[in-house]
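> Note that the protein sequences, when read in sequence, are chains V and E. Once you know that position 164 of the first sequence is 164 in my numbering, the rest is easy, because the numbers rise by one and skip nothing. If you count the second sequence from 1, you need to add 1000 to reach my numbering.
Errors might be hidden in some of the hints.
[Stated by the list, open to error] Reference listing, derived: stretches of chain V covered by chain E, where coverage requires no fewer than 3 residues with Cβ under 8 Å from a Cβ of chain E: (1) 47 to 60; (2) 64 to 74; (3) 140 to 151.
Source of the hints: derived by calculation from the structure; they are not laboratory data. Values in this document were obtained by computation on a predicted structure and should not be read as measured data. Idealized CB from N, CA, C, for every residue including glycine.
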Amino acid sequence: MPEREDEWTSLMRLAVSGDDAAYHRLLKAVTPVLRAAARRGLARSGQPVDQSEDIVQDILLAVHLKRHTWDADAPFGPWLFAIARNKLIDALRRRGRRVFVNIDDFAETIPSEPVAEIAPANEVAAQLQSLPARQREVLQSIAVDSASIKDTATKFAMSEGAVRVALHRGLASLTARLRER
Amino acid sequence: MTLETDQLIRTLAADNAHRARPVGFALALALLAAAPVSLVMFFAALGVRPDAMTAMHNPFFDLKFLVTLALAISAIAVSLHLSRPEAVLRGWAWLLVIPVGLLAVGIACEMMLPQRLPMMTRLVGSNSRVCMTAIPLLSLPLLAAALIGLRHGAPARPALAGALAGMLSAGLAATLYAAHCTDDSPLFVATWYTIATAMVAAIGALAGSRMLRF
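Only chain V is shown next, with the shape it has when bound in the complex (with noise of 0.2 Å):
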């Protein structure tokens, strides 16, 4: 599916050049694909399709915290894939499955879109919840209550580049937290 992996190429270039909305379509974009490639990774081992959302989660965040090693004038399909497989990879063995995923089960994938037997993620909420308490407070302003970085900066009296450094650090330090499972 070229035509797809060309607009997440052009999204990314636009979020790597200052555009949130770009970056936020994009997240949107790829998740229902590798929603689908989890359930497909879960469904060949014998697991329960239902724990896909947190496998997805996971993807996510190393997507995001590894994006700045995407080349920007590579293609963005290839590089997504390739950290999706490898988390996913890493998720079917954390639940005692060694599996055999193929880079082009992601780039065939149809979408899935959230169905209602998804169980819900609960890993990345749990693990939010043993943060220090700012960077917990302000993840939760961002995530939970939909608040922006100005509203949450008003609310805990911070500055804005204050909640932007607690936001990113939160966000590795859950990261970090995941993979020490």
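Following the hints, complete the assembly by docking chain E onto the known chain V.
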């Protein structure tokens, strides 16, 4: 409590302004921070050989630095390449052949020149034990730094990336050690430096398989 994927996406988008430095920058910074440690270890325990000024006129003395620096530079280039998740070794592995090729040329040249000492004596040399101890020990601070720097990347094969971290730190450590060692025969270098480098690469692979997962 649960976190919807849409909520996570919105949060990640809010952090889009954060710009991480390239992996090469992180690696350079870490190596620069660790270099003084290895340098102090070198000057405290070994030091430059007393006849270094005369030795510089011996092309085989100079070749040692060429080989070790070629190893360090190509391992740095390959390790940075592999810090991208979609990267494959194919097309890049030949860089690591450069130091081997330089050594082979050196050995061939030495073979063609008349030598005072028999081949086995040159190969065994007089510092093999120091060489195999000093290179790995001088490497350790650099290896730790390389792993910390490369953690900034996203290698799909963490053990391989770790092995390259080992090779690059062994290359840098061997560059220091070469200034101390009085064995200049390329046969000595090909034997003992290679064993030392392989040891450090193995340590790097082991550490990398844990540290470089993302």
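> If a hint holds in the structure, say so; if it does not, say that too.
These are the hints, each one checked on the structure:
{"no.": "1", "hint": "47 to 60", "in the structure": "holds (count 4)"}
{"no.": "2", "hint": "64 to 74", "in the structure": "holds (count 9)"}
{"no.": "3", "hint": "140 to 151", "in the structure": "holds (count 6)"}
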